[in-house]
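Asks: Residue numbers (the UniProt record's numbering), protein chains in the order written: chain F, 1 to 235; chain P, 1 to 570.
In case anyone wonders, no lab produced these hints; they're calculated from the structure. Yeah, the Cβ is synthetic: ideal placement off N, Cα and C, and Gly gets one too. Certain hints may be false.
[To be verified] Incomplete in silico selection of chain F near chain P, CB under 7 Å:
| id | residue |
| --- | --- |
| 1 | G77 |
| 2 | P84 |
| 3 | G86 |
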Amino acid sequence: MPYLEVDDLHVGYGQIAALKGVSLSVEKGQLVTLVGANGAGKTTLLRTISGLLRPSRGSVNFDGQRIDAMEAHKIAGTGLVQVPEGRRIFGRLTVSENLELGAFTRNDKAEIMADKERMMTVFPRLKERFRQLAGTLSGGEQQMVATARALMARPKALLMDEPTMGLSPIMVEQVFDTIQTIHAQGVTILLVEQNALMALSVADYGYVLESGHIVLEGQGDALVDDERVRHAYLG
Amino acid sequence: MSIAILKAPSVSVASVDVARTLRMGLLLGGVGVYLAAVGILAMFNERWIIVGLLTLGYGVLGLVYLVAGMISARRGAGLMTALASGILSGAIAGLTVSVLGLVIGPFSLQSVFTQLNGKLADSLALGLAPLSGLLVMLGIGAVCGAIGAILRFTPLTVRRPLVIAALVTVTAGLFQELIQIMLQDGPLTPVQDLIYEWEGLTAQGAAIVFVVAFILALIGVQISRRRARAAAAKANADSGQSLTKMGMIFLVLVLLPLMGGNYIGQVLLLVGLYILMGMGLNLEVGLAGLLDLGFVGFFAVGAYVTALLTANHPMAILHLNFWVAMPIAVLASVVVGVLFGIPVLGVRGDYLAVATMGLGEIVRVLVVSDAAKPLLGGPLGITQVPKPAIFGYGLTTPIQLYYLTLVASLVAGLIAWRLEGSRLGRAWMALRDDEDVAAALGIDRIECKLLAYGLGAAFAGLAGSIFAVMLASVYPSSFQLVVSINVLALIIVGGMGSLPGVAIGSLVLIGLPELLREFGEYRYLFYGVALIFMMQFRPEGLMPSKVRKRELHAAMGETSEPAVPTARAA
Chain F
1 MPYLEVDDLH VGYGQIAALK GVSLSVEKGQ LVTLVGANGA GKTTLLRTIS GLLRPSRGSV
61 NFDGQRIDAM EAHKIAGTGL VQVPEGRRIF GRLTVSENLE LGAFTRNDKA EIMADKERMM
121 TVFPRLKERF RQLAGTLSGG EQQMVATARA LMARPKALLM DEPTMGLSPI MVEQVFDTIQ
181 TIHAQGVTIL LVEQNALMAL SVADYGYVLE SGHIVLEGQG DALVDDERVR HAYLG
Chain P
1 MSIAILKAPS VSVASVDVAR TLRMGLLLGG VGVYLAAVGI LAMFNERWII VGLLTLGYGV
61 LGLVYLVAGM ISARRGAGLM TALASGILSG AIAGLTVSVL GLVIGPFSLQ SVFTQLNGKL
121 ADSLALGLAP LSGLLVMLGI GAVCGAIGAI LRFTPLTVRR PLVIAALVTV TAGLFQELIQ
181 IMLQDGPLTP VQDLIYEWEG LTAQGAAIVF VVAFILALIG VQISRRRARA AAAKANADSG
241 QSLTKMGMIF LVLVLLPLMG GNYIGQVLLL VGLYILMGMG LNLEVGLAGL LDLGFVGFFA
301 VGAYVTALLT ANHPMAILHL NFWVAMPIAV LASVVVGVLF GIPVLGVRGD YLAVATMGLG
361 EIVRVLVVSD AAKPLLGGPL GITQVPKPAI FGYGLTTPIQ LYYLTLVASL VAGLIAWRLE
421 GSRLGRAWMA LRDDEDVAAA LGIDRIECKL LAYGLGAAFA GLAGSIFAVM LASVYPSSFQ
481 LVVSINVLAL IIVGGMGSLP GVAIGSLVLI GLPELLREFG EYRYLFYGVA LIFMMQFRPE
541 GLMPSKVRKR ELHAAMGETS EPAVPTARAA
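If we strip away everything but chain F, and leave its shape as in the complex, we get:
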């Protein structure tokens, strides 16, 4: 049984269907990416997996548990943690406080402190910004805070929603480096990206979402070379 499995998921906003029967699976330790254009339903899928939206049909299973009817905060408790789209850090709190909130589901104070120190080595830039309000950071730094905040939960799996959105090309490179580092440490990742070429080239497996349907799937490098993907997303 896959680690994270989405089966025949239907989600709608009122009358408008955003996901029309999406199925995908992520094996433990894999880096899987979901690419697709604006409005394809990528964010809807992630929000449904993390419990912020309710599906009208279908199921989501994680680590042997069915989670599609669970409340969002309980899903976070199972170790499935989201890095939300547009970063959405707590701008009025400091970087340090943001990180502490990431560890909200944990109770091991000493370990939390140690993890905070560890984040400073993963993201050296944050060390200088530690006591600063997160809202005053640059876009790239805010992405680091959002990622570090999610890692503070010691997640079993990460859901990353467009982590490179609005970042400069250099920062995009850095974000992908970070994703690969995290992945190398054994964290399962479902990465949603508009930046299809880069996402597919680092992923073990990829899905292409188009207006609520999965239209293509396959090994990451195979999809990069796929004529249809090239045509649709890479121009």
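Model the placement of chain P on the given structure of chain F, informed by the hints.
Replies: Just chain P now, kept in the frame of chain F:
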């Protein structure tokens, strides 16, 4: 006379922005005319600040001219130019006000504005013949305008003590009655004789107060500057400073009623009750970001439950001791708070304010309704709520009840302070900033919100309980929407999320209007003006919390590097 001054520095006069200066003069003159037309001036003229020399009314007019001078003097233009525009604009303002005095009689303005009568016209002419009155007023305007312009050029280290000293002097004059009571019959009687006459400061008294206040403020500004510099070097000095501030506020709160007698005690008792409520609402609004305009409902529950459990009244269901009834009342408020929170769980922001306002009104309407009349007494309320006693020692006077409130506030403050730094406090802040993300991080939204409503309500319930024994009765008319608004206003003015701010906000917004009762309805006018100015010039509140201060510095401080869009990334 102003014309002569204007002519002297002919070079700089040429660079005066005449149109702007005229506009400012007329604008502030308009403020003066308004103050006269609504009757504030006439009322203020009955009050001496310095006996025989300066009434409050003329003081306010002088301030208006001074502001005219201050805002039309521009720093970039050089001292002489600024001085010229200050004088011109002050004179224009003075002229505008004088002209009002001249036209009151001929145009029988009194039929439109009842306050514009012969007496006012007389006072606007400073009791002189019309034309000479106008000239003197013009001169006063010019002088005040000049002072305003010079103030603009005074360094902050001097300007601030000057303003503080002026404020202290006016306060000493305005509250002469209270201060005289405090000074009377004690070791301080000689001080009283030195600076006061029967209805205000003496001229020498005003001078003494001004000079002493100025020197003290000068020292104070220097010390706080040095400390700010030290704090900048050392990151954590902030907490020590706010502790000192809190200690000072506390000392004032303990000693004031001892010196001021029962009237001050009564006012402070009310202030204390609002402090309690402010701390409760601060948990909801300041920390959890739940804008609640129905807060008065919890206050009402605390008061009614206390009355029902203790009163010597046919409506009362039990005749318990206050100390037993009070915790029950607090608990009842918590329950109501949680019940109150349930229907509005999914409501956010502005909509939440409206929804909670409705809930608060429901509480009040239920209490006055015929259905609840046999239980709660309807508009007649419940009377004969007995005063509490400690070890047989009755807490009957306002001062004694005030100390009860003070102790309650301290305990509540301690709880609120601990909550702020707790896991729950941090969860509230996360919820306030971004509800979805908070949930995705594992924060239980429902639990946190209901806890915020319940704990916030506990503080209001405690206040309500003391309120019931203070009045010895409860009536539905005490629980109007305006109570909720006042509590919200005081935490905003004090500084959202700051506990000492709650105390300061309550003293300023609840205490001062009570002390200024003799000005009747007008005090609400000042209340409004003060709120507007506050939000314009010090939106973080009088005593902001560390977080808010940080936000302000963030806004002014370094700008983050702009994010470059990834147009060409793929």
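Asks: Hints first: check each against the structure and report whether it holds.
Replies: Against the structure, the hints:
Here the hint on G77 of chain F is kept, as its CB sits about 5 Å from the closest CB of chain P, short of 7 Å. Interface restraint check for P84 of chain F: the shortest CB-CB distance to chain P comes to about 6 Å, inside 7 Å, so the restraint holds. With a least beta-carbon distance of about 10 Å to chain P, the hint placing G86 of chain F at the interface is violated under the 7 Å criterion.
The earlier numbered hint that this structure contradicts is number 3, and it is the only one.
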